[in-house]
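*Asks:* One line per chain: the protein sequences are A and P, in this order.
Okay, so the first sequence: first residue is 2 according to this note's numbering, each after it adds one.
Okay, so the second sequence: first residue is 15 according to this note's numbering, each after it adds one.
These aren't lab readings, by the way, just hints derived from the structure by calculation.
Just so you know, even glycine gets a beta-carbon here, dropped at the ideal spot from N, CA and C.
Mixed in with the good hints there might be a few duds.
FRET-style restraints, in silico, Cβ to Cβ [as the list claims (entries may be wrong)]:
no.	chain 1	residue 1	chain 2	residue 2	range
1	A	13	P	91	37 to 45 Å
2	P	65	A	67	31 to 39 Å
3	P	19	A	80	29 to 37 Å
Derived, one-sided and incomplete: chain A residues facing chain P with beta-carbon distance under 7 Å [unchecked claim]:
no.	residue
4	21
5	44
6	49
7	52
8	100
Rough simulated footprint, nothing fancy, chain A against chain P, three-plus residues with beta-carbon under 8 Å [said to hold, decoys possible]:
no.	segment
9	44-57
10	66-78
11	116-123
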Amino acid sequence: AQSVTQLGSHVSVSEGALVLLRCNYSSSVPPYLFWYVQYPNQGLQLLLKYTSAATLVKGINGFEAEFKKSETSFHLTKPSAHMSDAAEYFCAVSTGFQKLVFGTGTRLLVSP
Amino acid sequence: KAGVTQTPRYLIKTRGQQVTLSCSPISGHRSVSWYQQTPGQGLQFLFEYFSETQRNKGNFPGRFSGRQFSNSRSEMNVSTLELGDSALYLCASSLDAANQETQYFGPGTRLLVL
Chain A
2 AQSVTQLGSH VSVSEGALVL LRCNYSSSVP PYLFWYVQYP NQGLQLLLKY TSAATLVKGI
62 NGFEAEFKKS ETSFHLTKPS AHMSDAAEYF CAVSTGFQKL VFGTGTRLLV SP
Chain P
15 KAGVTQTPRY LIKTRGQQVT LSCSPISGHR SVSWYQQTPG QGLQFLFEYF SETQRNKGNF
75 PGRFSGRQFS NSRSEMNVST LELGDSALYL CASSLDAANQ ETQYFGPGTR LLVL
């Protein structure tokens, strides 16, 4: 079964520091991977998705993720954190018929 | 283009009651999926509808049901509510059912069962 694992339920960074949120996937077939962000009391917003067209995927708000098959990883990065990036981030894999399997989420805390 | 809309946004019910939640997808989208989000279980897939047919179902009891109308709007129903059904229920829509299609989420309906 396809699944994703997010390491670290909380990640704290200072404003301006590098953001790295980790996601590892398990899939027997080429996966379709997604990163979503959730702000308090809101739904999920797509940051970026991997569909095998390119291993480095650029998303919104300066985020990007690199698909590494050898490491079964799809980590999310942003060079410089902003206070507005504080939110919960979810990695997900599509398993067919629009069923997304989500990781447990990582809450990003940004301090001034 | 208007996003996914869900109504109501907040709901309070008591145990044993039933509830119906509504989701209007983005115009032109034919696939609608439902998810339950709780602090303990995280985000879990409930079911997916495409052209009025349920194509996929998650591991939830039969008290959870849904349907999709010809205009792609969808409803989900939970009967005989239990305290554990308190959650944020998210609806997502996409153009079709291909794996790589992006799902766009609504703001959710927050259900509190007392």
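*Asks:* Please go over all the hints and tell whether each is borne out by the structure.
*Replies:* Against the structure, the hints come out as follows:
no.	hint	result
1	A/13 <-> P/91: 37 to 45 Å	holds (41 Å)
2	P/65 <-> A/67: 31 to 39 Å	holds (36 Å)
3	P/19 <-> A/80: 29 to 37 Å	holds (35 Å)
4	21	violated (21 Å)
5	44	holds (4 Å)
6	49	violated (10 Å)
7	52	holds (4 Å)
8	100	holds (5 Å)
9	44-57	holds (count 5)
10	66-78	holds (count 3)
11	116-123	holds (count 7)
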